[in-house]
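S.K.: Chains as they are written, first to last, in this note's numbering: chain P, 137 to 199; chain L, 2 to 164.
Treat the hints with care, since some could be wrong.
[Said to hold, decoys possible] Mimicking DSBU-like on lysine-lysine, the simulated pairs with C-alpha atoms at most 35 Å apart in a straight line are:
#1 L:43 x P:153
#2 L:43 x L:128
#3 L:43 x P:186
#4 P:153 x P:186
#5 P:186 x L:128
None of these hints come from the bench; they were simulated from the model.
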Amino acid sequence: MLVNTIHGEMDDSLLVKQEGSLDNDIEHTTWTEYWLDDELVHRSVHVSLKTSPALFAEAAEIA
Amino acid sequence: MANSQSMCTSFLSELMLGQHQLGASTITSRGSLTSPTTDTLKAALYLASATINAATTAYTATGEVTGTNYTAGGITVTNATAPTSANSSATAGTGYWTPSGSLVYTNVTLSTAFDTVLIYNSTQSNKAISVHTFGSQTVTAGTFTLTMPSNTTSTALLRLATT
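Please model the entire structure based on the sequences and the hints provided.
M.R.: Here is the structure:
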C-alpha cells in the first residue's frame, strides 16, 4: 500500500507503522504514524468528539 | 496561555439579535428576510499555545495553525441539518445543533501542536460561535479528521438547555 509521506508516496513495506489511541469523556482519538528509520514521515489523526459542555439558559422570574 | 472550551459569549447576545442562521428557516415580520438562507460556517484550528475561549468574538489568525495545505481560516463546515429542540419537561428543554459531517483537513502538515477548533460564521463577519478543545496533536503529511458527536439533546456540539 502506498502511503503519503513528506517524501511523497512510499510503499508501506519500507516504513515502520505505529498506532495509538486516547479515550476520555471528551474524545476518542486514534493516530497512525509511519517512520522511515528515525524520521516521522506520516502522521494522521482522527478525533471523535463525544460531547461538549451544554450552555444553560435561564428565564428570570418576574417578581 | 491556553485554549478553553466554551460557547463564545458574544454568540449568546448575537443569537438574541438574530445574527446567526445555522439552518434554513421560515420567519415572519422581517420584510425581505422571510426566507433567509443558511449562513456559511467555518472551522479553524488553533495552536495549543493560543488563547481562544469564551471571550473570543470573531475568527482571528492570531494563534491559528499554519502548515502545508492548511488555508488560513480553516475549512467550511458541512451543515445540512438545522438546529432543533426538544422539551424534557414542562419547565426544561434543549435546543441543539451539530455539523452534519466531519471536519476533514486533508494532506496537511501541522508541525506545531494544536488542540482547538473554533467554529465561526463566515457569512456574518466571521463572528465566533464556539470553541472546542481536544488532546494536543500534530499531523505530518496526513489527514486530520474531527468527527462530530451525535446530534442529540445530550451530546450535540451546541446545546442550549434549560433545567
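S.K.: Hinted pair, alpha-carbon criterion (35 Å max): residue 186 of chain P, residue 128 of chain L. Please report holds or violated.
M.R.: 25 Å, holds
S.K.: Are the Cα positions of residue 153 of chain P and residue 186 of chain P separated by 35 Å at most?
M.R.: Holds - the C-alpha atoms of residue 186 of chain P and residue 153 of chain P are around 27 Å apart, at most 35 Å.
S.K.: Between the alpha carbons of residue 43 of chain L and residue 128 of chain L, is the straight-line distance 35 Å or under?
M.R.: At roughly 10 Å apart (the allowed maximum being 35 Å), residue 128 of chain L and residue 43 of chain L satisfy the hint.
S.K.: Tell me if the straight-line CA distance from residue 43 of chain L to residue 153 of chain P falls inside 35 Å.
M.R.: 33 Å, holds
S.K.: Has the given pair, residue 43 of chain L with residue 186 of chain P, been kept, meaning a C-alpha gap of at most 35 Å?
M.R.: Since the Cα atoms of residue 43 of chain L and residue 186 of chain P sit roughly 20 Å apart, the hinted pair holds (cutoff 35 Å).
Violated hints for the displayed structure: none, as all numbered hints are satisfied.
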